[in-house]
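S.K.: Make a model of the complete structure from these sequences and hints.
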Amino acid sequence: QVQLVQSGAEVKKPGASVTVSCKPSGYTFTSYYIHWVRQAPGQGLEWMGWMNPNSGETDYAQKFHGRATMTRDTSITTAYIQVSRLRSDDTAVYYCARGTKWLVQGYWGQGTLVTVSS
Amino acid sequence: QSVLTQPPSASGTPGQRVTISCSGSSSNIGANTVTWYQQFPGTAPKLLIFSSHQRPSGVPDRFSGSKSGTSASLAISGLQSEDEADYHCATWDDDLSGIVFGTGTKVTVL
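Top to bottom, those sequences are chains A and B.
Note that my numbering has the first sequence beginning at 1, numbered continuously upward.
Note that my numbering has the second sequence beginning at 1001, numbered continuously upward.
One thing to keep in mind: the hints can contain errors.
Derived pair list, reagent style DSSO-like, types lysine-lysine, alpha-carbon separation capped at 27 Å [to be verified]:
#1 B/1067 with B/1106
#2 B/1067 with B/1046
#3 A/23 with A/101
#4 B/1046 with A/63
#5 A/101 with A/63
#6 A/13 with A/23
#7 B/1067 with A/101
#8 B/1046 with A/101
#9 A/12 with A/23
#10 A/23 with B/1046
#11 A/63 with A/12
#12 A/23 with A/63
Partial list, computed: chain A residues near chain B (C-beta under 7 Å) [stated by the list, open to error]:
#13 44
#14 45
#15 47
#16 61
#17 64
#18 66
#19 102
#20 106
#21 108
These stretches of chain B come out as covered by chain A in the derived footprint (C-beta under 8 Å, 3 or more residues) [said to hold, decoys possible]:
#22 1021 to 1029
#23 1044 to 1057
#24 1096 to 1107
Hints in this document: simulated from the structure, not taken from any laboratory.
Owing to the predicted nature of the structure, the values given are computational and were not obtained by experimental measurement.
We put the beta carbon where it would ideally sit given N, CA and C, even for glycine.
M.R.: Laid out in structure tokens, this is it:
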């Protein structure tokens, strides 16, 4: 069955960077886009961007241009998102999810809590 | 600053019909199909409706979606206690060239 397994919770100081990994299984890694969506405590969902694991092409929501970087390692079928220059308002649960370019489908990772605190 | 607007809460008694609205604009809902997700506390969202009105296999038919102009709606007929959750709408925005989510609606079963 399709699963996306993410790395564990992180605690970072303001100004630092964090990398979250996402390892899908149960389907061909390069056949579907990987989206990243985050959710701050008590808030709604916020789309961060997508990556095409086949080509490595990425697209980011305007808010995250220059501060988020999505990559992948096809040899171990794992996707990553790095967020730099962390601020306290980056505290959120970060999800990876499978999809097409325009749609986040029904397969999501379990979420990774990133806490930014001095 | 979500682009799509949903009511913060909705409620009903078991068996009632509850409707959640999702209001957007000509560049998002007006131009593209809408997706709905259900989310329980502490868990990842679950796909409920895609292409504005299609249900994935396994989603009960008491959940239905519709779209008209720049707004979309999710209806839950025959409300059940297990439907108590947060519901989020989403679509592609042509102007932003990205996916936008709604503000989210918490459904309470009284």
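S.K.: Would you mind marking each hint as holding or not holding in the structure?
M.R.: Cross-check of the supplied hints:
1. Among the hinted pairs, residue 1067 of chain B with residue 1106 of chain B is consistent with the structure: their alpha-carbon atoms are about 20 Å apart, no more than 27 Å.
2. Between the alpha carbons of residue 1067 of chain B and residue 1046 of chain B the distance comes to roughly 20 Å, so the proposed pair stays at or under 27 Å and holds.
3. Among the hinted pairs, residue 23 of chain A with residue 101 of chain A is consistent with the structure: their alpha-carbon atoms are about 19 Å apart, no more than 27 Å.
4. For the suggested pair residue 1046 of chain B and residue 63 of chain A, the alpha carbons sit about 25 Å apart, so the restraint of at most 27 Å is met.
5. This hinted pair checks out: residue 101 of chain A and residue 63 of chain A have alpha carbons roughly 18 Å apart, not beyond 27 Å.
6. For the suggested pair residue 13 of chain A and residue 23 of chain A, the alpha carbons sit about 26 Å apart, so the restraint of at most 27 Å is met.
7. For a cut-off of 27 Å, the pair hint linking residue 1067 of chain B to residue 101 of chain A stands: about 21 Å separates their Cα positions.
8. For the proposed pair residue 1046 of chain B and residue 101 of chain A, the alpha carbon gap of about 18 Å is at most 27 Å, so the pair holds.
9. With a C-alpha separation of about 22 Å, the suggested pair residue 12 of chain A and residue 23 of chain A falls inside the 27 Å cut-off, and the hint holds.
10. This hinted pair checks out: residue 23 of chain A and residue 1046 of chain B have alpha carbons roughly 19 Å apart, not beyond 27 Å.
11. Restraint check for residue 63 of chain A and residue 12 of chain A: the C-alpha separation of about 20 Å stays at or below 27 Å, so the hint holds.
12. For a cut-off of 27 Å, the pair hint linking residue 23 of chain A to residue 63 of chain A stands: about 25 Å separates their Cα positions.
13. Nearest Cβ of chain B to the Cβ of residue 44 of chain A: about 4 Å, under the 7 Å cut. The hint holds.
14. Taking 7 Å as the C-beta contact cut-off toward chain B, the hint placing residue 45 of chain A at the interface holds, the least distance being around 4 Å.
15. Here the hint on residue 47 of chain A is kept, as its CB sits about 4 Å from the closest CB of chain B, short of 7 Å.
16. Hint status for residue 61 of chain A: holds, given a least beta-carbon distance of 5 Å to chain B, under 7 Å.
17. Taken as an interface hint, residue 64 of chain A does not check out: its beta carbon lies about 10 Å from the nearest beta carbon of chain B, beyond 7 Å.
18. Because the closest C-beta pair between residue 66 of chain A and chain B is about 15 Å apart, greater than 7 Å, the hint is violated.
19. The beta carbon of residue 102 of chain A is positioned within 7 Å of a beta carbon in chain B (closest approach about 4 Å), and the interface hint is therefore held.
20. Taken as an interface hint, residue 106 of chain A checks out: its beta carbon lies about 3 Å from the nearest beta carbon of chain B, inside 7 Å.
21. Below 7 Å, beta-carbon pairs count as interface contacts, and residue 108 of chain A has one with chain B at about 4 Å; its hint therefore holds.
22. Figure legend: the region 1021 to 1029 of chain B, annotated as covered by chain A; annotation inconsistent (0 residues with Cβ-Cβ distances under 8 Å, at least 3 required).
23. Counting residues of the region 1044 to 1057 of chain B whose beta-carbon sits less than 8 Å from any beta-carbon of chain A gives 6, enough to reach three: the coverage restraint holds.
24. Counting residues of the region 1096 to 1107 of chain B whose beta-carbon sits less than 8 Å from any beta-carbon of chain A gives 9, enough to reach three: the coverage restraint holds.
When the structure is compared with the earlier hints, violations turn up for hints 17, 18, 22 and for no others.
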